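> Each chain is listed here by its residues.
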Amino acid sequence: MSGGEYLADGKNQSLFKDKPIKILLAKPGIDGHDRGMFVLARAFRDAGMDVLYAGLLPTPEDVVDTAVNEDVDVIALSLLNGAHLTVFKKVMDLINKRKIDDIAVVGGGTIPDQDKPKLEKMGITGNYGPGTPLKVIIDHITERATEARSRKNRN
Amino acid sequence: MNVDELFEGIRKRDLRSVSRSISIFEDDLQSSKADELMKRIYPITGRAHIIGITGPPGVGKSTLMGRLSKRMKETGKDPALVAIDASSPFSRGSFLGNRIRMQDSLRENGIFMRSLSNRGFKGGLSLSALGAVKVLDASGFDPIIIETVGSGQSDLDIISIADTTAVILAPGLGDEIQAIKAGIMEIGDIFVVNKIDREGAFLAMKDIQDTLSLGKSGNWIKPVIGTNSLTGEGLDELINEIDQHKKFLGNGSGRDTRPTSELYLLLENRIRKLIESYVSDDESTADIVSLVRSRKIDPYEASEAIIRKSFGHVGKN
Amino acid sequence: MDYDDYYSRKLISLKERIPKENHERELWSEKTLEPWNNSTGYEEGNFENSSGIKSDYYYNSEDIPKDTESSDLGKPGEFPFTRGIYPNMYRGRLWTMRMFSGFGTPEDTNRRLKYLIKHGESGLSIAFDMPTLYGYDCDNDRSHGEVGKCGVNVSSLKDMEVIFRGIDLSKVSTSMTINAPAAVLTAMYIAIAKKQKIPLNQVAGTVQADILKEYIAQKEWMYPPEAHIRIIRDMMTYCTENVPKWNYISISGYHIREAGSSAAQELAFTLADGFYYVDLGIKSGLSVDDFAPRLSFFFNSSINFFEEIAKMRAARRIWATVMKEKYGAKNNRTMLLRFHTQTSGYTLTWQQPLNNIVRTTIEAMAAVLGGTQSLHTNSYDEAWALPSEQAVKVALRTQQIIAEETGITHTIDPLGGSYYLEWLTDQMEERAYEYFDKIEKMGGMLEAVKKGYIQKEIAATSYRRQMRIENGEEVMVGVNKYKEENEKPIGILRISRKAQENQIQRLARVKSTRSEKKVEESLSRLEEAMKNPDENLMPYYIDAVEAYCTLEEISNVGRRVFGGWKEPVIV
Ligand code: B12
Ligand SMILES: Nc1nc2c(ncn2[C@@H]2O[C@H](COP(=O)(O)OP(=O)(O)O)[C@@H](O)[C@H]2O)c(=O)[nH]1
Ligand SMILES: [Mg+2]
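First to last, the protein sequences are chains G, P and X.
As numbered in our numbering, residues 4 to 158 make up the first sequence, in order.
As numbered in our numbering, residues 1315 to 1631 make up the second sequence, in order.
As numbered in our numbering, residues 67 to 637 make up the third sequence, in order.
I should point out that these hints are in silico values taken from the structure, not numbers from a laboratory.
Model, not experiment: these values are computed from the prediction.
The beta-carbon is built from N, C-alpha and C at its ideal position, and this holds for glycine as well.
Take these hints with a grain of salt, some might be off.
[To be verified] Derived Cβ-Cβ restraints for the label pairs, each shown as a range:
#1 P:1550 - X:625: 18 to 26 Å
#2 X:290 - P:1357: 34 to 42 Å
#3 X:586 - P:1550: 28 to 36 Å
#4 P:1535 - X:513: 35 to 43 Å
#5 P:1557 - G:156: 37 to 45 Å
#6 P:1535 - X:629: 34 to 42 Å
#7 P:1574 - X:292: 47 to 55 Å
#8 X:564 - G:124: 47 to 55 Å
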């Protein structure tokens, strides 16, 4: 699948025919810090992904419904407001309740190192914070998306 | 999920099966599964009324679709939505921004909506759009409303699978409107001037009416409706006109070109795939490409060489 | 709206200020520079600032208009106020050291405010939590996990009473960073002042309330723009008459910049917002000299030292000029641009956090050299969490050191007259007028915002900067250069979950002791008033908060009457 190495403009197009990685960027909870979202949205698009943004203040239900209807490979959860432990968990609870195992969930934002293991345990990987190079993020997402896609395509 | 499971899921309207099935039509690598699925669902399709919504960017198509679907739901219909976003010509990636404009209506009314990107290889989009429509049709949604930006061949292909096409315009398009009109007047069954809350809306409506009256009119008189998608004004009228047009088609008085366009779409795609499977980037193709790159031969010679290599001859034998 | 060519005419005359060629520099270049560069192997570096302005090797008198001193600079306290708005500036009175604070419960914040007052802070500035900023109560489902996290929670008047317990509102001025529900918080403040028996004409303070920049940058709104603007109009007219020392709006560039704009964009969009509010006041029947003196501004101070100083000087000059020429202001106070400054949070890094103290110091110095009236300095743990007590203290001390040790305050506008700075100030000014004219042509600022034009401009600048950081063209020490492996986590402020429980309990108590009848009556009167655009809402808000209607109950009335708002697609 298309990933990090395609970030540069104009490189590589239409040579591959698989469906691009489809990713939903979401800030569940009450958080209007969207600068990073727009950076990621553009970077992901320029890396060849199909990008959805859930908009301002979606509820955890909105996020999971959108992910299912759009059949995304990855949900990228971002919070800068410090509520990640509670709010990300709400999203994971819904995902688990609906037995969704073929959508990867990655996280990021203002997440103190101390909280990262807790998020990993919920199944949220990455958890990248300020100053992370986009390449690191895109590579991680590509890896998780590939896993998710192969789960989707199993019979 | 295998095709049997998907098929069952579609019939029971399990949303995960529905959305997964649409993905399969978007993924060229899964085309055999897609073919198999299409064969299964085709017999149970054809029930839904398919509405195309088209028009230039920014006129309010997505907002209108959200509102319209909400209103339809309130009046007992069971709509599903598909919207197409343009992808980047550089990376093939896309920003699927239509959804966000209708999110509230979707949430409040539990309406299914799917974004498709107009990516990559030729013909891919129309095929996945057709796939999406068929899947939704098979799971009993009616109507199915599909938004496109209304330019380019693949968009026209999509419009050709719609029963009723509504062209959306808005005041303030300026000189653009003349250029747009030239291309779009033909394909519309219903014309909508959205943003009637804005200055110039009534002039725009009148302008369109005048243009329409110049063209040859068949049995269907193309209506021009004013809407405000932020308040919902005019939507009942639009729904009514859509219903009228459906009736008109049902009477046999209108054309029913959909099966032919579907057929063409599928056929064209089949043929393209066939050619591509011959042409596939094997070494000798790569050699020909490198000859073009070094300007030793021109692209026309090259394409003939590739076809000759694959089929043994060029043109009808 | 009709197009007014004021800005376009202005722009033309600005562009003609100096000749295109700089003879002295050209001669020097030939004679001295080129031989030197050729012999030493010079490679052109990147000398561009955030606004896309490229610096030359050096500047000289040919780079500034001949009459700069008399017409563009003026003298301190005189039109066009480029050098400063007061005749004696910091010699007379230092800037107000105003540290933005607030977290957890009203009790926590009350303690933090008293701590800051004890350590020499001269003005209060309150941060609210996410539910409060968006008009939700602490017991709403959405608020779960967010109560007290990013600021203090206010669900009803009771909470405000606790925040200000033991603080005499006639002695301190309070600034509240609140926007969508600003009128409700203003009403609460007025209610407390009434309880403390302070006459309303003595109540001083500020609410941010700049809703345009919310749609542009901070993304806190409840209703469509027109509805919020009507509420601002109501605050404007009510306060002008009844609470004359209340700054009912603080026109903010800070957020625009943090959302990713350049310095020039910050300047242009903030002043354009300002002019929008001036038009609004005039349209509501006020005279410009009656209300515009209460308009104040809020700028960012980022890391490119001279660019920031130039921006602040240009801001003063533009405001004074436009207020005088375009709006016919007669009173000097109408022309002065007073502003608060905050150092840039965005420039502060997660990596090697102690370096942030240095960045903040440089940014704070720029603000002081730019002539700010008040200042917030960010803490070194900015990228990690809300500041710890120790980190805030260092940040406050930074200001005190600049004020009392460095001597920067001894003379006014000490950099004024520098060829480079004057040239840069002119450049910033031109770029601002370019945007003013473009926005005017689009039908004004509200249109430009509703279309998403401003937001897209900012997002594009932000992405460009991000790309420059990614490929190393722009350096962030510790992030893309001089990196260290295995950095240790730092100790951070943690908000206890108790905050949420306490708040929910208090709200329940409020609800069980208030008169439901009064609540219903005041809410339905508010609803009727909202439906009538000629009605001023302020008295109804005051009524409702005094009846202990909750913030969300009050906000919901507007949600019913006005509906919500979806932003245009920005990417
Ligand atoms: C810019 C900024 C703002 C701007 C936001 C503009 C905008 N439209 O985005 C403004 C000034 C408006 C603002 C306001 C507020 N802010 Co603020 N803000 C910041 C600041 C300084 C930088 C954030 C930023 O945009 N960085 C640049 C972008 C590009 O980086 P990024 O978002 O971090 O994203 C990168 C990575 O984190 C990662 N990433 C992020 N998300 C995800 C998700 C996934 C899946 C992955 C893989 C990666 C990933 O990838 C990105 C690219 O590298 C931070 C502090 C800091 N230095 O980080 C505070 C900060 C986030 N803000 C804070 C607060 C409190 C607020 C307010 C609540 C203040 C108040 N009480 O009024 C308001 C609330 C605004 C709102 N509506 O939500 C606090 C949050 C405290 C906490 N978590 O405990 C912080 C940490 C500052 C502080 N120490 O107090 N803020
Ligand atoms: N004033 C007004 N604005 C509208 C109306 N319908 C849509 N809009 C606005 O027009 C912009 C573009 O809408 P969108 O639905 O994304 O248009 P699309 O590109 O055609 O799909 C948005 O800012 C909408 O809020 C309307 O009826 N009146
Ligand atoms: Mg659209």
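> Each hint should be assessed against the structure and marked as holding or not.
Comparing the hints with the structure gives:
1. Between residue 1550 of chain P and residue 625 of chain X the CB atoms are about 25 Å apart, so this pair conforms to the stated range of 18 to 26 Å.
2. In this structure the supplied range 34 to 42 Å is violated for residue 290 of chain X paired with residue 1357 of chain P, their Cβ-Cβ distance being about 48 Å.
3. Between residue 586 of chain X and residue 1550 of chain P the Cβ separation comes to about 35 Å, which falls inside the hinted range of 28 to 36 Å.
4. A beta carbon spacing of about 36 Å between residue 1535 of chain P and residue 513 of chain X agrees with the range 35 to 43 Å that was offered as a hint.
5. Remark: the range hint 37 to 45 Å for residue 1557 of chain P to residue 156 of chain G is upheld by a beta-carbon distance near 41 Å.
6. Here the CB-CB span from residue 1535 of chain P to residue 629 of chain X is close to 35 Å, well matched to the stated 34 to 42 Å.
7. Range check, residue 1574 of chain P to residue 292 of chain X: Cβ separation about 49 Å, and the 47 to 55 Å hint holds.
8. Checked against the hint of 47 to 55 Å, the C-beta distance between residue 564 of chain X and residue 124 of chain G comes to roughly 24 Å, which is inconsistent with it.
Violated hints for the displayed structure, listed by number in ascending order: 2, 8.
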